[in-house]
Amino acid sequence: MTDVMTRLEPGSRAASRGFSDLTIRNLFIIPTIAFLIIFNVFPLLYSLWTSFTDFRASTTAPANWVGLANYRELLNDPFIWRNFTITAKYVLISVTGQVVVGFGLAMLLNRQIPFKGLITTLLLLPMMLSMAVVGLFWKLLYDPSFGIINYFLGLGKFEWLADPQVALYAVALVDIWMWSPFVMLLSLAGLSAVPKHLYEAAEIDRAGPFYTFFRITLPLVAPILMIAIIFRTMEAFKTFDHAYILSSQPTTELIAIRLYKMAFLEWQTGLSSAFAYIVLIMVVAITNIYVKYLNKAKAR
Amino acid sequence: MARIELTNVQKFFGAVQVLRDVNLVIEDGEFVVMLGQSGCGKTTTLRAIAGLETITSGTITIDGKEVQNLKAADRDIAFVFQSFSLYPHMTVEENIAFPLRAVRSRQAEREAEVKEVARFLGIEQLLPRRPSALSGGDMQRVAIGRALVRRPKALLMDEPIGALDAKLREQMRAEIKRLHIARESTSVYVTHDQVEAMSLADRIVVMHDGLLQQVGAPEEVYLRPANLFVAQFVGSPVMNVADVTVESEGTDALLRIGGANGFRVPSETVSHLNGSPAKLGIRPEAVMLSHDAKDGYIETETTNVEPLGSHDIVDVRVGDETLRARCESGFTGGEGQKLWVALDPHRAHFFDAASGNSLRRSA
Chain A
46 MTDVMTRLEP GSRAASRGFS DLTIRNLFII PTIAFLIIFN VFPLLYSLWT
96 SFTDFRASTT APANWVGLAN YRELLNDPFI WRNFTITAKY VLISVTGQVV
146 VGFGLAMLLN RQIPFKGLIT TLLLLPMMLS MAVVGLFWKL LYDPSFGIIN
196 YFLGLGKFEW LADPQVALYA VALVDIWMWS PFVMLLSLAG LSAVPKHLYE
246 AAEIDRAGPF YTFFRITLPL VAPILMIAII FRTMEAFKTF DHAYILSSQP
296 TTELIAIRLY KMAFLEWQTG LSSAFAYIVL IMVVAITNIY VKYLNKAKAR
Chain B
2 MARIELTNVQ KFFGAVQVLR DVNLVIEDGE FVVMLGQSGC GKTTTLRAIA
52 GLETITSGTI TIDGKEVQNL KAADRDIAFV FQSFSLYPHM TVEENIAFPL
102 RAVRSRQAER EAEVKEVARF LGIEQLLPRR PSALSGGDMQ RVAIGRALVR
152 RPKALLMDEP IGALDAKLRE QMRAEIKRLH IARESTSVYV THDQVEAMSL
202 ADRIVVMHDG LLQQVGAPEE VYLRPANLFV AQFVGSPVMN VADVTVESEG
252 TDALLRIGGA NGFRVPSETV SHLNGSPAKL GIRPEAVMLS HDAKDGYIET
302 ETTNVEPLGS HDIVDVRVGD ETLRARCESG FTGGEGQKLW VALDPHRAHF
352 FDAASGNSLR RSA
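For the protein sequence lines, the chains are A and B, in the order given.
In short: position in the first sequence from 1, add 45, done, that's our numbering.
In short: position in the second sequence from 1, add 1, done, that's our numbering.
Rather than coming from a laboratory, the hints here were simulated on the basis of the structure.
Please note that the accuracy of each hint is not assured.
[As the list claims (entries may be wrong)] Across the chosen pairs, the derived CB separations fall in these ranges:
{"id": "1", "chain 1": "B", "residue 1": "Ala167", "chain 2": "A", "residue 2": "Pro264", "range": "31 to 39 Å"}
{"id": "2", "chain 1": "B", "residue 1": "Thr8", "chain 2": "A", "residue 2": "Pro254", "range": "30 to 38 Å"}
{"id": "3", "chain 1": "A", "residue 1": "Pro209", "chain 2": "B", "residue 2": "Pro89", "range": "45 to 53 Å"}
{"id": "4", "chain 1": "A", "residue 1": "Gly149", "chain 2": "B", "residue 2": "Thr8", "range": "42 to 50 Å"}
{"id": "5", "chain 1": "B", "residue 1": "Asn24", "chain 2": "A", "residue 2": "Ile164", "range": "40 to 48 Å"}
{"id": "6", "chain 1": "B", "residue 1": "Ala167", "chain 2": "A", "residue 2": "Pro254", "range": "36 to 44 Å"}
{"id": "7", "chain 1": "B", "residue 1": "Ala175", "chain 2": "A", "residue 2": "Pro264", "range": "30 to 38 Å"}
{"id": "8", "chain 1": "A", "residue 1": "Ile193", "chain 2": "B", "residue 2": "Pro129", "range": "57 to 65 Å"}
{"id": "9", "chain 1": "A", "residue 1": "Ser65", "chain 2": "B", "residue 2": "Ala134", "range": "40 to 48 Å"}
{"id": "10", "chain 1": "A", "residue 1": "Ile78", "chain 2": "B", "residue 2": "Pro129", "range": "44 to 52 Å"}
{"id": "11", "chain 1": "B", "residue 1": "Pro89", "chain 2": "A", "residue 2": "Lys306", "range": "48 to 56 Å"}
Glycine included, each C-beta is placed from N, C-alpha and C at the ideal position.
Pulled out of the complex, with its shape left as it was, chain B reads as follows:
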């Protein structure tokens, strides 16, 4: 098991810079998920750690040893590819045994290791088959088996379940988590799926444009996004974001969005805003709806309802902005219904309109 450290890592593809000064420490036994859109540099970072991609500058250390100039084979790291990358002409058993055979380990030892990994992953009955005869989920189990069989220092996974269907993804997600807990392996996992990231990670690394946007525990990234990008990338449905003006009204403050009547909130919730242009971010579950007029609620109308079974997502019009609210299923009858809406001020986020950085209350 290993501690991985990236210091000032830069990577150019020709004139295009794909990694900008990446600094990241992955602790021994930690499960780190790199999250971002395609092209954000997350896979490149992972491949750089594995040694499949050379970096332009910076250092990568594994257990204190600089490895950026070592070949992949000399880094003792396993990698699970999105495309599975099973050797098509070998049986499952030969595939899993390949990393051991490549370094000429003894046959008896090899067979025992392969059996143990196969039992651990529940794929013993598949050993004599060829990859072409396997389902997607089984192929990925074999790929993971091949990665685990030689007990690598760290396990790197590049969207390992991205090619599977939704139900299988959920199942494999649980398996990967179980595997990580059982093996206590240092794992780095790349995905664009924030649900996967939230459910698997000890820490999430959100990347955008080759830059680390935020590194933190899943709940921290969700509850205290560092900037607008993180706020809108993590969470489903996407956080509502609107330009906001703050006016004081007596002891309270008035948040005005979309030119509508303002939402009345306690002034201490906005006291840290210094008056420069700001954006309000509010997650759908912090948008509260009511059938009756209440204090602090303003009148609105539904424009769209998405019934999702466990809950509904309701779009309501506030001035010329639309807010999405999460409410219990069947809360509204449909479009065009009159409702009252309020915001939970304690769950409201404010961002600098220019930089997109979070404006957080100190303390």
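Chain A extracted, bound-state conformation:
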């Protein structure tokens, strides 16, 4: 018996002490599962329940079941739809800007240039900052009296964040500044994965630079670019911190800000839970459209 024991692998020796493979596997998995249930699954289900009640976290009054009343109220509220329109506009400007700037930077970096590593690292810095910090210092940059942006553009005392026409663009610009590096990073990975010999083949086939870009580069980078767009759209949909810090204009009231006010200033916990669920469904729906395109692109 001892002879057999010494010949066994260490893992099997543990098994012989009563730990089966299954037990060992569970020991690794259970902490993660517990964490997920406590911090993700439970809040998700709990908020689903509160979304059907008139629950207010600020009072001790018991929650009453109201059925779909919260959802009905929200979907009939024209102000909420205004928040959605603003958010959609914001997502469009911000994500388009990030893709254009990020992909452009990636194209510039996807070649042999001196200090490439250093330049890449410096370009990545914005996305490593805290969003709240970014909001605070862009507020200073945008400041009408002493902001450096007006100083350099010679715009006098232009009110970037108070002008209802411009404020949303100003907020989106900050998002573009911060997250273009993310799109750049993914695009750079995509671009460097395009085999060099395809470009050589295109050159031999007499394709010009524009034709090569639109017919070879872009279609081959599309799947990874699509992943970047999915991530950025979901994130932009949820934008709260820097937008909240930068501007309190009604024209910049994104759904996340409206949701925050509803939940933590007005304490309409039940109603805001329903609101959160509506946003969730929308984000999932939009992501699904992207994922379909992604799968189509990957099938090639």
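Starting from the known structure of chain A, fit chain B onto it as the hints suggest.
For chain B alone, kept in the frame of chain A given last:
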């Protein structure tokens, strides 16, 4: 169709010189195969002709026009890559049509050209498929189709069938030859496989260390190798090479290798050797074996037998050298068998021991 001329072409990668003074003329309609080991500069030469690699000095002309400073797109040359380089996101039809679309040719014209090339290569049924759904051989047919569709001045191929399995290689080899004959295109083909080179080429260019070793028709390269490198690179099994001393014995000469008894050969077959150290090269088919003692044969013993079906390769010991002989299958029973061996003096090659250059009889 085109005549390609390389004059004093040199190429450095950093401090490493990969092409040393390459001079080569490829005639219009000729099929030239560049043969050599990996790293010998054959692919670099091909890429330099295509314009995928800039050269350090020298000139390359296509139909008399200097092209070394032109971009690949402006040289009107097609290139077939070893990796096929098909555009993965396009169908076969789109792949073949790509060179035509890139220069905005008319759609009707384009469709007709693509159909014609596809029919010629027998890949019409593959047109709607994507490259990922094709076998290796079909991928290469598509790559060749893409190269041919715009009727280039010359077709350059970089180990185009190197990635295929042996049987398919043989089949594709025949197809490429048929294609060359039908299209009369100037073709330059790079390979490390001497069988491919022998079977395809009008002329073979043997390269080593960035230098052209020999340029000639396949049979010339095989029968009259210019130096030891060519002699050992072309031909399978590899030519036997051994240090040799020549002694005269009466009216005949005695070739002594490996310290064994010499082979008696007519003295006129070695009369051009001036006595400086030489190496003897003899192809396995010129090593003759006999079961009985004969005049001019010396006694030996087999050390290894490789039965190959159509023939056997037999290793025999001559002094401390081993000679490989090609003989009919089943000629010997196995290792350790007693045999007699002789050399065919008319098919013996001699090389300068120092330079490796062929010592050939004048006339």
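Here's how the hints hold up against the structure:
1. Roughly 35 Å separates the CB atoms of Ala167(B) and Pro264(A), a value that falls within the hinted 31 to 39 Å.
2. Range check, Thr8(B) to Pro254(A): Cβ separation about 31 Å, and the 30 to 38 Å hint holds.
3. Checked against the hint of 45 to 53 Å, the C-beta distance between Pro209(A) and Pro89(B) comes to roughly 49 Å, which is consistent with it.
4. Take Gly149(A) and Thr8(B): their Cβ atoms lie about 43 Å apart, and the range 42 to 50 Å holds.
5. The beta-carbon spacing between Asn24(B) and Ile164(A), approximately 44 Å, falls within the hinted interval of 40 to 48 Å.
6. Between Ala167(B) and Pro254(A) the CB atoms are about 41 Å apart, so this pair conforms to the stated range of 36 to 44 Å.
7. In this structure, Ala175(B) and Pro264(A) meet the distance hint of 30 to 38 Å, their C-beta atoms being roughly 35 Å apart.
8. Checking the proposed 57 to 65 Å range against Ile193(A) and Pro129(B) shows it holds: the Cβ atoms sit about 58 Å from each other.
9. In this structure the hint that Ser65(A) and Ala134(B) lie 40 to 48 Å apart at CB holds, the actual value being about 45 Å.
10. Under the hint 44 to 52 Å, the C-beta atoms of Ile78(A) and Pro129(B), about 48 Å apart, fit the expected range.
11. For the pair Pro89(B) and Lys306(A), the supplied restraint of 48 to 56 Å holds, since their beta-carbon distance comes to about 50 Å.
Against the hints set out earlier in the document, no violation occurs for any number.
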